[in-house]
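A.B. asks: Sequence:
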Amino acid sequence: MLLPEMDPREKATLKNCLNCFLEDLDPSLTFLTQMVCSGVITDDQKDRIEKQTTRQDKVITLLEILPRRGPRAFRKFVGILRADYSWISEKLEQEYQVQDFTMRIENALEQRAKKMGEVIKDRDYINRLITEAVVPLMMEECGTSVSSGAVGSGFDAPLKDIINDHLIPLLSGNNGRRTHLDSMHSGMLLDKVVDIIQDLKEKCCKTLSLSDVTEFHSSLPILIETRLQELRDIISAMKKENKKIKKAEEKLIAENQKLKSDLVTQRVEVKKGKTDSLKQSAEIKKLKDQVQKTKSDNDKLKQELASLREQMSKAGMDLQISSDFT
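Quick note on numbering: the sequence shown equals residues 43 to 368 in the numbering used here.
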């Protein structure tokens, strides 16, 4: 993904401070890892820098990468330097202010010349005059000397108070008051304000479920109220759905209760059926016993009848008996 270009003032600041970097900066593994964690460079770029054999080659490679790392890379880089290379970060701030004043004066001259219909003939002389005379004078008037590194208090101090006391707490909550800005000139302070506002926009987008900042077609209060109404509608729909679910649940509970009652009734009927079955089995057994006894008695009678016939036959008597008994 291509990142937006770094500000020309920041590019010029890095270029003009090259000697300072070459003399003092050591892009160690810890330093480069911190750069990766802060999003200043990527892991691949860190590996590319580490492959360089000398410290100065690592510095040169890092400075070749930084201008292509987007509009936030410079300020994050300065913040990382401030911990262990405070003199380099101060140098960068001073040089950035020089570049800022220079660009503002040049733009003002261009606009003035266009408005008056004039053409700046000796541009080199004008640029030298701006760099060598006008910019140092402006920095002195603002309370900053290029050699001293002091930061002007006329505009910077109130701006830092606004950032520390209002913007940072607004972005980070009460804990934001623990984070206070170190020495920064007005240009970088204004950039910091822009960064905080951008972060607030992104947080608002996330909270309001907007996919992009460009969807801020209405004021923030209207967007918040619209989102709140959407949430109210969602909650209302969920409540209606919950009522339906509750009714369905109550219906299922009633059906389940009826099934339980039917099951109890069926169990009673099954138990009664088992009892009846046992009684019938006992009666059947009793009947079988009676049949067996009757059959046994019948066999005995047949034997007695046969014996009686045999005796009467011997006596010359004929005994007439119904066939039902024979």
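Check the hints yourself; a few may be wrong.
[Claimed, not checked] What follows is a set of in silico ranges between Cβ atoms, one per label pair, in the way DEER data are often shown:
{"id": "1", "residue 1": "R110", "residue 2": "S70", "range": "58 to 68 Å"}
{"id": "2", "residue 1": "P50", "residue 2": "S80", "range": "49 to 59 Å"}
{"id": "3", "residue 1": "W129", "residue 2": "R274", "range": "33 to 43 Å"}
{"id": "4", "residue 1": "M280", "residue 2": "G112", "range": "20 to 30 Å"}
[Said to hold, decoys possible] Straight-line distance between alpha carbons at most 30 Å, and here's what the computed DSSO-like set of lysine-lysine pairs gives:
{"id": "5", "residue 1": "K300", "residue 2": "K285"}
{"id": "6", "residue 1": "K342", "residue 2": "K330"}
{"id": "7", "residue 1": "K330", "residue 2": "K300"}
{"id": "8", "residue 1": "K302", "residue 2": "K313"}
{"id": "9", "residue 1": "K93", "residue 2": "K133"}
{"id": "10", "residue 1": "K302", "residue 2": "K321"}
{"id": "11", "residue 1": "K337", "residue 2": "K313"}
{"id": "12", "residue 1": "K57", "residue 2": "K133"}
{"id": "13", "residue 1": "K344", "residue 2": "K321"}
{"id": "14", "residue 1": "K327", "residue 2": "K337"}
{"id": "15", "residue 1": "K285", "residue 2": "K302"}
These are calculated hints, taken from the structure and not from any lab test.
Each residue gets a CB set at the ideal place from its N, CA and C atoms; glycine is no exception.
A.B. asks: Now look at each hint and say whether the structure bears it out.
C.D. replies: Now the hints, each set against the structure:
Checked against the given bound of 58 to 68 Å, the beta carbons of R110 and S70, roughly 22 Å apart, lie outside it. Checked against the hint of 49 to 59 Å, the pair P50 and S80 fails, with Cβ atoms roughly 23 Å apart. Between W129 and R274 the C-beta distance comes to about 56 Å, which lies outside the given range of 33 to 43 Å. At roughly 42 Å, the beta carbons of M280 and G112 sit outside the given window of 20 to 30 Å.
Using a Cα cut-off of 30 Å, the hinted pair K300 and K285 holds, with the two alpha carbons roughly 23 Å apart. A C-alpha spacing of about 18 Å is found between K342 and K330, which places the hinted pair at or below 30 Å, so the restraint holds. Between the alpha carbons of K330 and K300 the distance comes to roughly 44 Å, so the proposed pair goes past 30 Å and is violated. Taken as a hint, the K302 and K313 pair is honoured in the structure, with Cα atoms around 16 Å apart against an allowance of 30 Å.
Taking the CA atoms of K93 and K133, the gap is about 28 Å. The hint holds against a cut of 30 Å. Of the pairs offered as hints, the one joining K302 and K321 holds, with about 29 Å between alpha carbons and a cut-off of 30 Å not exceeded. Restraint check for K337 and K313: not satisfied, since their Cα atoms lie roughly 36 Å apart, outside the 30 Å limit. At roughly 12 Å between alpha-carbon atoms, K57 and K133 fall within 30 Å of each other, so this suggested pair holds.
About 34 Å separates the Cα atoms of K344 and K321, which puts this hinted pair outside 30 Å; it is violated. Restraint check for K327 and K337: the C-alpha separation of about 15 Å stays at or below 30 Å, so the hint holds. Taking the CA atoms of K285 and K302, the gap is near 25 Å; set against the 30 Å cutoff, the hint holds.
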